[in-house]
Every structure is written in C-alpha cells, then in structure tokens.
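Construct all of the structure, not just a fragment, from the sequences and the given hints.
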Amino acid sequence: MKAWKILLVDDDAEDRAIIEDAMASVNTEGIIYFAENGEQALAILDTFLDAENTPCLVVLDLNMPKMNGTETLRNMKKNERFREIPVIIYSTSINSLEKEKCMQLGAHDYITKPVSINESRETAKRFYEFCK
Amino acid sequence: MTMHELARVTLENEMDLILAHKRSMKLAELAGLSLSAQTTFATAVSEVSRNTIDSGKGGCLILNVESEQRDKYIVACVKDEQTTTGKSPEGLEYAKRLVNKYRISTQGAETSIELYYYIAPNFRIDIAKLDEWRSHFRNEPPVSPYEELKRKNAQLQDLSEKIQKSEAQYRTLTNALPIFIFSLDNNGALLYANEWLLRFTGETLDYLNKSRWQTVVYQDDYETFSNLLYNTVTRGTAARQTQVRIKNKNNGAYIWHQVSLTPFKDADNHVQYWIGYIVDIHTQKVYEATLKDNIQLKQTQEQLKEQQSIQEKYIEELNRSNLELQQFAFIASHDLQEPVRKLLFYSDYLLNRYTNAIDTKGIEYLTSMQHAAQRMRNLIQDLLIFSQINKEAITFKSVDLNEIVSEAQQDFEMAIEEKKATITVQSLPVINGDRRMMKQLFENILSNALKYSKSDVPPVIDITYRKTDDQIEFAFKDNGIGFDEKYLPRMFILFQRLHNREAYAGTGLGLAICRKIVEMHQGKIWAEAKEGVGAVFYVSLPIQVLKNQN
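Going line by line, the protein sequences match chains A and B. In case it helps, the numbering used here puts the first sequence at residues 1 to 132. In case it helps, the numbering used here puts the second sequence at residues 133 to 682.
One or more of the hints may lead you astray.
Stated by the list, open to error - Now the stretches of chain B that chain A is said to cover, found in silico as 3 or more residues with beta-carbon under 8 Å:
| hint | region |
| --- | --- |
| 1 | 465 to 472 |
| 2 | 479 to 486 |
| 3 | 516 to 522 |
If you're looking for bench data, these hints aren't it; they were derived computationally from the structure. Glycine included, each C-beta is placed from N, C-alpha and C at the ideal position.
What follows is the structure, encoded as structure tokens:
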C-alpha cells in the first residue's frame, strides 16, 4: 500500500482532525501536510517541491482567511510547477454556483465535507485514490 | 304741364257736394279771382260732382293748380271709378260752358273730368305759395261735424294701416329669429308666441297654457320654470331669468335654454304684460360641462401622477429590501452550513463511538437531535439555492434538456432503484436557459414525483412536451398520491407544506424554487391533480427559448 502524500488546506482544526482520523483509518502510512490558508499552502508547496515530497493531491477548503480556496486554486494553476498537481475542493457548502466556478478553474472534483464517520471514511478513500 | 295737387274731397253724398263747392270757392279766392269768377268755377265743379255722386262710384274731387310759363289755371279734377262715357249728362254740358277749358279722359274703368279756369297771368305762383295753400286746406276749420268726423276717420285709417304694416314687420321678424319670443299676461298665460317656439315644442299656444308647459320643460327643471312663470310674474316687477331644458319635438332631446322675462310697464309704472324670450344655450352648457370635466380629468391625472411616483418609490424600496433579503439569505444559509454540519458529525460520532457510555434514552435523544440537524441542513441548503436564483445569477446558454433529465436520473438512482420507479422521457428539445437552474427545476419536480408516490405502487413518471403558438409546455405526470386542488394556490409559495414531515420529508421550498426558476425564464408553472390518482406538473416557457441559442 502506497503512503499518503497529501496537502490538506483548511483553517478549521476540528475538520483537519476529522480528516486525519479518517485517513488513518484508510492507511496509517504517509505524510499529510497541513496548511491553514492559501498563503501557507503555496509556501509549503514551494519548499517541499521535489520528486520525493511533492504531494499527489491538494485538498482545498474554500472559506479561509488571507487567501481563500478559489484564489489558491487560481494561483496554483498560474504556476507551472504546481499546475499538474490535482486539486479537490473540499467545502461545507453544496453551492452549485461555486462548484461550477471551481470546476472551470481546473479543480478535479468538488466534495462536500462529511456529516458522519462513514462519510468521512468515504471522503478519505476518495482522496487516497490520488496516492495509489 | 305741371299739375300741383292741393286738396281732395271724396264724393259720396250731398254733404260732400257742399264741401266740394266750398273748397272750389276757396281755391278760386286764393287764386285771386273775382267773386263772380269764384262762383262760376264753384258752380261748374258742383255740376260735375253732382253727376258723380248721383250715378258714379268711388268718386273724388282733386283741386289743383296748373302753372306753365304762359298760362296758369286752377283745375278741378273729378274722378269716377265707373265709366260714364257715351252718356253726356246735362250737368256736364253746363259746366263745359262755365270754364275756360276742359278735358275728359278715361283710363280703364276710371273716368276723369278736368275743368280749367284762368288765373291772371301776373298772379305769382311759387312753391312756397302752393305749400301755404295746401296747409290752408288742411287746417281749414271743418265745415260741419260730419267733415270733422270724416277727417278723423281718415287719420285713424291711415294710422291703423301704418300700425298694421309695422306689426306685420315685427311678426315677420320674430318668426324669422331662431329664438322663442312671447308675451305673457300677469297670470303667466301666453298672449303671443312666435312661430319658432310653437315649431320647436310642437305645441299650440292654447295647449302650452293649458298644460302649463309641463310636457315641454324637463322634469328636474320644471319647478324653477313654473316658479318663474307663475309666481314671479304674478308678484314681481323686475326682469328675471333662469335656465331650463326644453324638449325638441323633432328628436325628443332636451336642450338647454335661457329664459328671460321683462315686464312691460305703462306710464304709471304698472306692469301691463311681460315680454319673454328663450335662447338656446345648449352649446354653452355642453362647453361648460366639458370644461368642468376637463378640469376634473386634469386633477385625476395629477393625482395619478402623484400616486405613480409614490408607487415608484415603494418599488425602489421593495427592490432594495429584496436585494438585501436575498443577500442576507445567501450569507446566512452559507454560514449556517458549517455549524450544522459539525452538529451532524459529532452526534454521529457520539452514536458510533460512545454507544456503550450512553443509555437507551440518551441514544434516542441523540438520534432525534441528529434528525433535527439533518432537517435544518436540508432547509439551509434549499434556502441557499433559493437565494441564488436571481437575475444576477442567471446565465443563458444552450441547454440540452435530455442531458438534464439523465443527470437528474443519475442523482436519484438510489431512490429510483429502491422504489422500482419507471421514468419515461420523450425526446426533449435544446433550449436557451440557465443550465444550473434547469437542472434544479427538473430535479425538484422529479424528486417530488418520487417522494409523493404511493407506498404500494411503484412510481411511473412520464415526461412529455408540446409546442403551442407561443409556448413550449412540459408535463411531468405521476401516479402518486396526488393532492386536493384546493391547495394549489398555496403550493408554490415558500414554506408551504401539504403533508406533515413525519410522512414525507421536505423543506417546503422545492416548488417555490421551481416557480422562481420558471419565472426567471418568463414562464409559468402550474399543476393538476386528483387525490389518490396522481399529479401532473406543467411548466411552460416562451417559444423564444428555442431560438437565439448560444
């Protein structure tokens, strides 16, 4: 089983914990980078970008201080080095307008944050797809 | 030959003969003739005059003076309307011998005998003298009471002729004028009415008096009119006027008239009778009324304008508050999602991980809480959707409705399988619309059809459409539980639910969202249903959605 190599960008510590739990239940091996906003996310990507450490997926929350999800996505797509990294938008809202916008900006998927343990596991499994 | 008439005497009886003699004597005297010459001339005139009185008709003696450059005569001309020629009476023969010259002429039936008597050539005759003689004859004191009477009679006759002539003129004038002219006695009864009045009303003077004008004056105006005619006239002495409607006999129309009465007073200032005239003022009345209407119209128009500006302000206010509400709904629903999700997640966490630590009652409560949180989440999500259906958010593009239906079917895959539902779809058109909203619309209607199905009958949903002249009409037919159509007016309004939430889950926003989407597309949504049989939801969009596709 391949190890995780994921960058999770979310300002909500509880949500980060929920996903961390769920991911551990799928596979305990791996690296999960955490960022609290877009600025941090871009900085982490910049620092750890090499064959060894580049994440296989960036999971982006939308509502964040400093630099929100869509802005981060836009910046990643502008940068040649980050452009190819898959991005999943991970949001509370099932806002179809927002989803449309994100898909247009180049997101791979738009996933609503889980409301149960089962759902959180399903979400983690979906993330892991990108690490295989 | 210039003949100057000086006096006339009619020849009808013996008294006239005396008068003829006397006037002839006088004329001869005035002409300066001797007494014997006077007598001779007067005798000749008398002789001829007697003949006329005896056997003639309408005879007349005219005394003249003929004055030429050489010869001057006094001339007596006796006229007789009846010809007496062929028979030369004795008297005439005698008279011929008494005068210097004579002439007998006939003209038609009239015979005229002229007797000439010389005036001395040195006797001066001029216009002034002739006038003096004429006035002498006119003012000659009467020879007898008979003559006096006769002269008065002639004067009266003359006056009467003049009056008759003048009256005829006035009558013609009053009859020719297009106004009513009449006179009233002091009891208000008509003495005279001109033709126009009688012709206009179509009544006779007697009838008007008898009916007291009641049939020709408009009912509402009659009291005023009758007061004027029968009360003012009997009491007052000053001119009066009023306005009434009088019926035109020809077309039965009541025409506005102004009635004016003026008292005709004698020298002692007693009212003898009343003169009245009535003038058509209908045009003026109509004009006045129109003017009044116009003013009212203008006032109404101004009021309307004012009202409109107030309404515009309200609309502006409404639009503003609507936008605020929409923004509020969006922000509120968006931000409410996060805490509700946490509520759901941690209640699930408790129910899964702490089952042993919580007793049965606690688990029951926790489950209730979770359900409530789930409903709240649905509600918030629907509110979010609702708040996002607005003019700002709409984007018109080509939308293949077949794709929309198949996507919706995929979304409901689980429910369709679970309920063993059959969905048949006619090949649908591509329209110009907002894709996101169209999907929401089809999803909501399909979701309802699946949700409100009978528990023991698998749902059969049929989606069809047809085109009319200006509309494209979609029908979503199901075999569900249906509903009583009396609920229709409420169904498309926010938060209206027909069923309790225990039986059928729902937020009460689904159809309100549908209506808003359809309205954004200038369309209509309605439904038909029968309880226990099923429902058909209709969506019609303007035919233009089939054209101008991007």
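Taking 8 Å as the C-beta cutoff, is the stated coverage of the region 479 to 486 of chain B by chain A satisfied by three or more residues? It holds, with 4 qualifying residues against the three required.
Go check the region 516 to 522 of chain B versus chain A for me, would you? Three or more residues, Cβ under 8 Å, otherwise it fails. n = 3 at 8 Å, threshold three: holds.
Closer than 8 Å, Cβ to Cβ, for at least three residues: run that test on the region 465 to 472 of chain B against chain A and report holds or violated. holds (count 3)
Hint compliance for this structure: every hint is met.
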